Amino acid sequence: MAISDAEGESPAAAKEVGGERKRKRLAERSLLAKWKTEGERKSYSSKLIEALRVVRRSSCPAPRAVRVAADRALAVTARGRSRWSRAILSRRTLKLRSRARVARLKPPAAAAGPRAAERRKPPALEQKARVLGRLVPGCRKLPLATLLEEATDYIAALEMQVRAMSAVAEILSAAAGGGRSSSVAAEPM
Amino acid sequence: MSSRRSRISDEEIKELISKLQFLLPETRRQGASRASAAKLLKETCNYIESLHREVDDLSDRLTELMATMDIGSAQAEIVRSLLRS
Numbered sequence: 001m002a003i004s005d006a007e008g009e010s011p012a013a014a015k016e017v018g019g020e021r022k023r024k025r026l027a028e029r030s031l032l033a034k035w036k037t038e039g040e041r042k043s044y045s046s047k048l049i050e051a052l053r054v055v056r057r058s059s060c061p062a063p064r065a066v067r068v069a070a071d072r073a074l075a076v077t078a079r080g081r082s083r084w085s086r087a088i089l090s091r092r093t094l095k096l097r098s099r100a101r102v103a104r105l106k107p108p109a110a111a112a113g114p115r116a117a118e119r120r121k122p123p124a125l126e127q128k129a130r131v132l133g134r135l136v137p138g139c140r141k142l143p144l145a146t147l148l149e150e151a152t153d154y155i156a157a158l159e160m161q162v163r164a165m166s167a168v169a170e171i172l173s174a175a176a177g178g179g180r181s182s183s184v185a186a187e188p189m
Numbered sequence: 001m002s003s004r005r006s007r008i009s010d011e012e013i014k015e016l017i018s019k020l021q022f023l024l025p026e027t028r029r030q031g032a033s034r035a036s037a038a039k040l041l042k043e044t045c046n047y048i049e050s051l052h053r054e055v056d057d058l059s060d061r062l063t064e065l066m067a068t069m070d071i072g073s074a075q076a077e078i079v080r081s082l083l084r085s
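Protein chains in written order, with the UniProt record's numbering: chain A, 1 to 189; chain B, 1 to 85.
The shape of chain A in the complex, shown without the other chains (with noise of 0.2 angstroms):
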């Protein structure tokens, strides 16, 4: 598997201490770097805005119903690399409000219980990585080190999906008949 070196980190710096360990990272930053192409930027507009017209072409549309449709077309931009976007294809419609429901949910005197072997793991860790696992669709059971490898391919996903549709939306209030201040021609990305 070629590793393009999207940042121009030196390869000089791959053979430091843990050769492979940065090898492996870099790799890692590559991947979360396809993220923030245009390329998939556009790709995932595009497929945002073929769902956009199936939500406004049915005669009764959920109130939720943009809001999974970017998901659904976020988690098909990933092209089932990642557990994450595989959880979001196979979800139904009303998963989304129960998450909501659930993503503040405090754990009460957490890792106080009654296995031992959860006390060699600071608590306060431990709680957060499971708000963590519940926050990331499809995570809540992995181990920390997986749970994260999802957290930052999903963070990655999401800020490009703000991106897009940031865009779609100056677009489409332009198109509208220019309410905005902001320029028509110029991409915010």
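Read the hints as simulated data drawn from the structure, not as lab findings.
On a predicted model such as this, the values are computed, not experimentally measured, just so you know.
Quick reminder that beta carbons are idealized off the backbone N, C-alpha and C, glycines included.
Incorrect hints may have been included.
To be verified - Selected chain A positions facing chain B (Cβ under 10 angstroms, derived; list incomplete): (1) ALA27; (2) LEU52; (3) ASP71; (4) ALA145; (5) GLU159; (6) MET165; (7) LEU172; (8) ALA174.
Dock chain B against chain A, hints included.
This is chain B only, laid out in the frame that chain A set:
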């Protein structure tokens, strides 16, 4: 399921810290090497939640916009601008 599952080595923690620091806009700016793993996890959660909120707001905005315009011509406009850059 092995009991090793719940143990995180110091190495792994260091890796996680560097990974997250790279991602989170706050820590990247400060270049903080002092941030603890727990703090970083918390920042990560907060960041994801704020991103979710942004997406929600944008979805609402798009819903509004779509209600008031013909999506067909909007689509043409978007395709045009996508092709432009």
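Structure-based check of each hint:
Because the beta carbon of ALA27 of chain A sits about 12 angstroms from the nearest beta carbon in chain B, more than 10 angstroms, this interface hint is broken. For LEU52 of chain A, the shortest C-beta to C-beta distance to chain B is roughly 6 angstroms, which falls under 10 angstroms, so the interface hint holds. This hint holds: ASP71 of chain A has a C-beta 8 angstroms from the nearest C-beta of chain B, less than the 10 angstroms allowed. With its C-beta approaching chain B no nearer than about 6 angstroms, ALA145 of chain A sits inside the 10 angstroms limit, and its interface hint holds.
Look at GLU159 of chain A: its Cβ gets to within about 7 angstroms of chain B, closer than 10 angstroms, so that hint holds up. Annotation: MET165 of chain A was flagged as interfacial toward chain B, and the flag holds, the nearest CB pair being 4 angstroms apart, inside 10 angstroms. Given the 10 angstroms rule on beta carbons, the hint for LEU172 of chain A holds: about 4 angstroms separates it from the nearest Cβ of chain B. With 10 angstroms as the threshold, the beta carbon of ALA174 of chain A comes within range of chain B, its nearest partner Cβ sitting at about 8 angstroms, so the hint holds.
Hint compliance for this structure: hint 1 alone is broken.
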